Amino acid sequence: MSAFQDFTANRTTEAHQPTLLAQLRALDATAGVQHEVGTQAYRLKKATAWTTPQRNAAQNVLDTAPEWTPQLQAQGEIDQWPISTRAFAETLLDEINVLRAQLGLATRTPAQVTTAIRNKAGTL
Amino acid sequence: MSPNRKPYRRPQGVTLPPPRVGATGATGPAGPAGPAGPAGPAGPAPAGTGYVTVTGGVLNVPSAAIPQADITGLVAALAAKEATANKNAASGYAGLDASSKLTGSQQVYGTAANTAAQGNDSRLSDARTPTAHAASHKSGGGDAILLSEFGGDVPVASLSNGTYTIVDSTGTGALDNWNPTGLDGNSLITWHGAADAAVTGFAGGAVGLVRAVKHTGTTKVITFANNSGSSTAGNRLQNIATSAVMPLAPTGWAVWQHDGTDWKMTGHDQGEDITPAFNAAHFTTNGTMTWTVEAGDIGSISYCLKGKRLFFQFLIQTTSTAGTATNHLRIANGQFGGFTFAKQLVSGTLLHNDGGFANGFVQVVSGALTTLALAKFAGNWTTGIVNTLAVYWNGSLEVI
Numbered sequence: 001m002s003a004f005q006d007f008t009a010n011r012t013t014e015a016h017q018p019t020l021l022a023q024l025r026a027l028d029a030t031a032g033v034q035h036e037v038g039t040q041a042y043r044l045k046k047a048t049a050w051t052t053p054q055r056n057a058a059q060n061v062l063d064t065a066p067e068w069t070p071q072l073q074a075q076g077e078i079d080q081w082p083i084s085t086r087a088f089a090e091t092l093l094d095e096i097n098v099l100r101a102q103l104g105l106a107t108r109t110p111a112q113v114t115t116a117i118r119n120k121a122g123t124l
Numbered sequence: 125m126s127p128n129r130k131p132y133r134r135p136q137g138v139t140l141p142p143p144r145v146g147a148t149g150a151t152g153p154a155g156p157a158g159p160a161g162p163a164g165p166a167g168p169a170p171a172g173t174g175y176v177t178v179t180g181g182v183l184n185v186p187s188a189a190i191p192q193a194d195i196t197g198l199v200a201a202l203a204a205k206e207a208t209a210n211k212n213a214a215s216g217y218a219g220l221d222a223s224s225k226l227t228g229s230q231q232v233y234g235t236a237a238n239t240a241a242q243g244n245d246s247r248l249s250d251a252r253t254p255t256a257h258a259a260s261h262k263s264g265g266g267d268a269i270l271l272s273e274f275g276g277d278v279p280v281a282s283l284s285n286g287t288y289t290i291v292d293s294t295g296t297g298a299l300d301n302w303n304p305t306g307l308d309g310n311s312l313i314t315w316h317g318a319a320d321a322a323v324t325g326f327a328g329g330a331v332g333l334v335r336a337v338k339h340t341g342t343t344k345v346i347t348f349a350n351n352s353g354s355s356t357a358g359n360r361l362q363n364i365a366t367s368a369v370m371p372l373a374p375t376g377w378a379v380w381q382h383d384g385t386d387w388k389m390t391g392h393d394q395g396e397d398i399t400p401a402f403n404a405a406h407f408t409t410n411g412t413m414t415w416t417v418e419a420g421d422i423g424s425i426s427y428c429l430k431g432k433r434l435f436f437q438f439l440i441q442t443t444s445t446a447g448t449a450t451n452h453l454r455i456a457n458g459q460f461g462g463f464t465f466a467k468q469l470v471s472g473t474l475l476h477n478d479g480g481f482a483n484g485f486v487q488v489v490s491g492a493l494t495t496l497a498l499a500k501f502a503g504n505w506t507t508g509i510v511n512t513l514a515v516y517w518n519g520s521l522e523v524i
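Chains as they are written, first to last, in my numbering: chain A, 1 to 124; chain B, 125 to 524.
Keep in mind that a hint or two might mislead.
Claimed, not checked - Here are some, though not all, of the chain B residues that point toward chain A, as calculated from beta-carbon distances under 7 Å: (1) Glu418; (2) Gln437; (3) Gln441; (4) Thr512.
Treat the hints as calculated values from the structure; they're not laboratory data.
Since the structure is predicted, the reported quantities are computational estimates derived from the model, not experimental observations.
C-beta: ideal position from N, C-alpha, C; glycine also.
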């Protein structure tokens, strides 16, 4: 039986959900989040009973997780690119690498391109 | 003789001269009457009727009246005695002219107090509202009328069609042949039981009668079974939706009309949403993959039936999957009233979080019309998810 624990975040802004979840799962790999947007109420779930240190750590994550921004949202979407989008990007990368080879430059990997795009999204 | 007086004694040896005689005294008083003499002879017979006779010294009065004419001056004497001012007057006395009179004191004709109505008095032919006397016509009354005496083309059982009653009920549990106190004719039953109730039929059906039920409580549910054998045939309900009992939640209402066979539902609105009891077994998949949903994962889930249209919504979060990946998560109809869907369909946009928020759809699959299938736009659901899979949907479907 899983253990549910209710929390009230000490913040009025919406946390970035993927980051929030990642940070909570860093505390407990079975952590899950229920949250109604626009409220400060959170219900966290994990496989085992909550201890006081765990509750304190989770409360800290809820209070300090980065705020949702369009940049973080875009980065999350990049992380979830469907195959069609990845195919488009990697086809362009292949053509670019042909040109880079003619210029004596090292080729770029898809991971490098994805990271570059992700970083760019974070600065816009 | 005085006790002091000595008796007289004549002296012995003396000769007395002869006595002398005095004069004769006066005559004494008359002696007593002598004995009665013998009875005399009978007198002559009376000359006519009405006369008294004397027989043996007794006065005999004959039964026949003595003619007034034989009583000299009687009529005139009586006339002199008559108070004519009161004759035929109000509160006076009736005259002796032999005409028809009221019994007792004579009243004059008129319309005021202390007057009498004549035969042609308009009041005798006026339309008058009778004094209320319904009790005399009821069963057991002095002038009771049987319903069967009305006869005609109107069935006796339908005579109450014109009756409209509002009946309050708090009945709970099984309500077979439901007959709340006061039910009569066309009735609105306002229900607000302290526990759930399950109706299988109404008592007192007749052609044309209408039964309406309104949930006036704030909690609990009352359900109506379709064609249930728990009520007698003529009392059963033929509902709009037949694949499960039709519920009424607070503010809900439903109407039936009897067609001579049984009660036919003509309208239904469940009212407020009903939240089903949690049952983990109602959350499955179409394969060997398991979808684990716990009570605490249910943010909300509820349904509302309006006639044959079922509105259903759910918000389920922090669920898990395991086993071989498959493409359908399924929710059994136990979570939405037990109804069977009317047709296969693909409906609405499902929002899900299967490693990131994305859209999917809700599907009713042929051959599985008692479950709601949740699908991603493509591919299988991710297996091995621990407490992060979420699904959200709000839509409507037709049910049988």
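Item to complete: Provide an ascending list of the numbers of those earlier hints which the structure does not satisfy.
Response: 2
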